[in-house]
Every structure is written in structure tokens, then in C-alpha cells.
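Using the hints, position chain B against chain A.
Protein chains in written order, with my numbering: chain A, -5 to 244; chain B, 30 to 345.
Here are some of the chain B residues that sit facing chain A, going by a computed Cβ distance under 10 angstroms:
(1) ALA44
(2) ALA96
(3) ASP120
(4) PRO136
(5) MET137
(6) ALA139
(7) THR142
(8) TRP159
(9) MET169
(10) GLU170
(11) PRO216
(12) HIS271
(13) GLN277
(14) PRO315
(15) LEU320
Since the hints were derived computationally from the structure, they do not count as laboratory data.
C-beta atoms are modelled at their ideal positions from N, C-alpha and C, and glycine is treated no differently.
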Amino acid sequence: MEILVCIKRVPTVGGKIAVTPDGQEVDTRASGFSISPHEECAVEEAVQITERAGGSVSVLTLGPADAVEQLRGALALGAHRAVLLETDGREFGPIATASAIAAEVREHGYDLVLLGNEAADTGDYQVGVRLAHELGWPVATGIKNLLVEDGSVVARREYRGVEEAYSLPLPAVVTVKEGINLPRYPSLPGRLRAKRAAVETSAPAYAAEGLRKEALRVPAVASHQAAVLGEGVDAVPALVKVLEEWGVLS
Amino acid sequence: MTALVLVELDGGAPADASLRAVSMARSLGDVGAVVFADSAPADALAAYGVGDVYLIESSSLEGYAPAAWARTLAGLASETGATAVLAAGTDRGNEVLAHLGAITGLPMAANCTLVTPDGGQTHRLVRHRWAGLLLEDAVMEAPVALFTVATDSVAAVPAEAPSAVQVHVHKPELAEADLAVRAVESPAGAGGASLATARVVVGGGRGVGGADGFAPLEELAGLLGGVVGVSRVVTSEGWRPHKQQVGQTGTKITPELYLACGISGAIQHIAGCAGAKHIIAINTDPGAPILAHADYAVIGDLHQVIPALVEALRAR
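If we strip away everything but chain A, and leave its shape as in the complex, we get (with noise of 0.2 angstroms):
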């Protein structure tokens, strides 16, 4: 089984999220970058996979240079071979993005392709099912159970209170959510395998599309602070009180 998982680097984002001066950029002075965290659980799912079925796990990124670092963050969970598609510094549209992801999987054959079904970052909800339409394959998207069987995966997820299980031939697209495993720490040996190894580079062509940035900022909150009904369990006649003025004790 081999399969190539798609991951991003995006900022770790901790306490609040501010913009760069030319509002193009989240800003990251005072913050590290981390794997997007549906993508950390589809590596973990894949590593998964190969551990019990065999074959290999390639991760790719397109992204600048520095996000070496978030391969080498994959190669450290268990993914054997890494590849990154070198950006030079623009974001790529999700049509480029899947176009040069899709060129990946022509020239090196693969039987299951993951992505995170959306980026913590552009949130654009799409790079994986334009991946399968380029390909002709089939895909399941925002997954939360996989299961491999021969020549075919299930892919299961829950919708308004009903479950779906979509029966996929190989070789397919999945994208999966957080939740579907819980993603292993790094080991020791897992970091050092990590460290050395190589990195496949390449330098796919960015295309302009149809949709446009054209700045980021943080919505206007009217800033408050929570009007204290009291403390402890002296509180709860006024907790009471503003339920029923609210209407939710009917």
C-alpha cells in the first residue's frame, strides 16, 4: 500500500491571531508553525495503515523552503519518504495547489492519497476533491473512520445525526478530520531518522486563479468582559434569574 499524505504548515496559533501591517499575513513573530491538525491525524492514520497492512508512507507539503520542518515533523511520526512542492513565498489558489499535487501522484503512483479535509489556515474546504477530479478518482471527504480492505477502503463519517460509510475502490482521495485517531508523540529514534533524512524538492509553477486575497483582518468584537453574577454557589438565584430572562427554562 502506498500512500502519500498531504500536509501544511500553518502558524501555531495560541492565545489571539493578529495580521501583518500589509494585512497579507497572519503574523507569526511570536509564534512557531505546526502541522494543520486534520493533517497530523491523516499522517498518524497512514502510518497506521502501513504498520498493519505494509508499504510505505510519503508526505508531501507545498509550501517555502522552511516547511522542511513540518516534513521532518511527519518523517518523526513514522511517514518513510518526503517531498516538498517549493513555493517562493506566494500562496498558492486551491486549483494550483491540487494541480501540482496531482502531478506528484502521476509520476510516482500511489494507492491512497490523504489530505485534511480543511487547512487550519485558508480553510478552502476544496484541495482534495479538485485532487480527485484531476485524477479521476474516487473521494470521500471530512472522514473520521477508515478502514483499508483489499483493493477497496470505507470511509465513514456522521452527518446531522446518521452515519455515511462511502465504499471506495482504490485508489482514492480521502480527507479526514481530527478525531479519527489520536496522533502518536514523536520518538527518539523517530527524530533522529527525521533529521537525517532527504527531502525530494521541486518547484511547481504558481498560476494565478479566479478568486483574489485581498487582505486579512481580525473581526471587529466589540470588546467586553463579562458582566460577574457572583461567586460560587451564592451565584445560582441570579444564574437562575438570567436563564428565565433569557426564555431557556421553557
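For chain B alone, coordinates are given in the frame of chain A:
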């Protein structure tokens, strides 16, 4: 000008998230609703200004098949000359519009909060990034604007007067490949009311202390006709299943009341609960970030406050 909206149903009625999309579509032209079901809630849609309902019955397409739904929308868009196709920013809405983008080769903007025609094939739009923690101002150039509408930012507003509505039974032209991936549905396990649509959510975070600390929260949620939601630390510690997680990588909620207990309020969590109408925080720390997003706060230990609140509610 026509704007087509994929309308999802919730127990036969238009889903709240879809009515938000319909409300936004009214500023873009005559609204046509596309419904995949054997009957359409035509009057409920007319109240929100829908003039045409395109009904795709199960005789032509049984069950959910995302590529087939997208192919159907593509066909209807060209038949009606639509200049925009919208869906709610739900898992299904985003998935179907992504397929539609791939099929047509057009750009698709997910989770928009505002879309304005700007002449010719141009639309100016505002969309969520970081699940709404940031907004992106963007320009879309496309013969048909494809986008989804953020489920927690745009209000569902009835039209000033109901529109005269016509229901058209539509038979889509589908290829076999469009039907290759389809959902086989079965009832999900325990869960009952859905977190995404619950009227009251009782949230538990690190302050709950462990897997065995959730019984009082469950009891309170039961009394309030709501469900329990949790923060990311709770699921990554394995205290509760991931499907109860509220936040950027979990579920976005839009309840009347979110009662956040022992939750400090990391911004990824705020991204999931900012659509709540009212927020009350119960926290031992008066400096917790969640207080900057709450209407009211009780400073105290949830392990004492929640049982006392349950007792007070039972006594009413």
C-alpha cells in the same frame, strides 16, 4: 439574474444553515432553491423569498452522492442562466460546492459572510479564515460565482413578503461516475440531539478534571433540553469522544445558550462557539479569556456551582 441555493432539509423543513444561505442569496437575484427529496417545504422557502424550487426526487437520485449533487447543480445553473450558486457552509455544502468547482473549473469560496456583485463577472466577498478568527476580503472573477455561506455569521431573515413559489420536478442528467461514491446511511450511536443544532450546549473543559466528572454536566444539559460539548483538551485526553468537541477542528455551534464550564477559552474554541446567542462562563479564574466573550460569569468551581444549579432547577 438568478442565484441557486442548495437547500438541505432537517426533518423535512429547510435547515437553519440553508435559510441563512437563502437570506444572503436574495441580494444576488431571483432565488431558486434546489432540494434533493421527494417533497419540498415550498411555503417555508417562499417565506424567505424563494421563487422557484427545483425538486430532485429519489427516483432520479436516491441518497446522498456528492458528485451527482454537484452535477445536478451544474446542469440547473446552465439551464437557468444562474450567475451564482450557493450552499450552506456545512460539511455537505462545502463538499458539494467543491465538486461543483472541480466539475466546472471555477473558483469556489468557502464560508462567506458577505457577497456583493461588482459589475460584469466580478463579486467582492468577505470570507472566514481560521474558522472565522480572521476575515479575508477577496475578489472573485467568474461567470458563475460559487460559494458557501458561514453557518454562524449570516442571519436567517424572512423576506418582507412571501414570494409566489413554483415547484419544478427536475430530472438531472448524470453519468455513472457521478454516482460511484454515495453514502450508505445508518443511525449513529448514542448522541441524540445534534451538537451543531442544539438550542442549549453545556460545555466542559479542563476544569472538569477527568472522564468521570461529566455526569453533572450531562444532568444539567438534560434539564435544559440541551447537549454536552467539550473543549479540545478534553478529547485529546480521551475523556470524551471527539464528536462532542466544540471548536475550529470540531463542531461550530449556534445555540441560544452556551454555558462554558471550566473552559479557559483558547481562540480555536472561541471560533466554534462565537455563533452562540448568549454565553455564560463558570470559571475559577476571573482572568480567563472566555470571560471576554461571555455575557455573564460565575467565578467559582464548577463542581460546586453545577450541582447547586441542578438542584435549583429541579426545585422550580
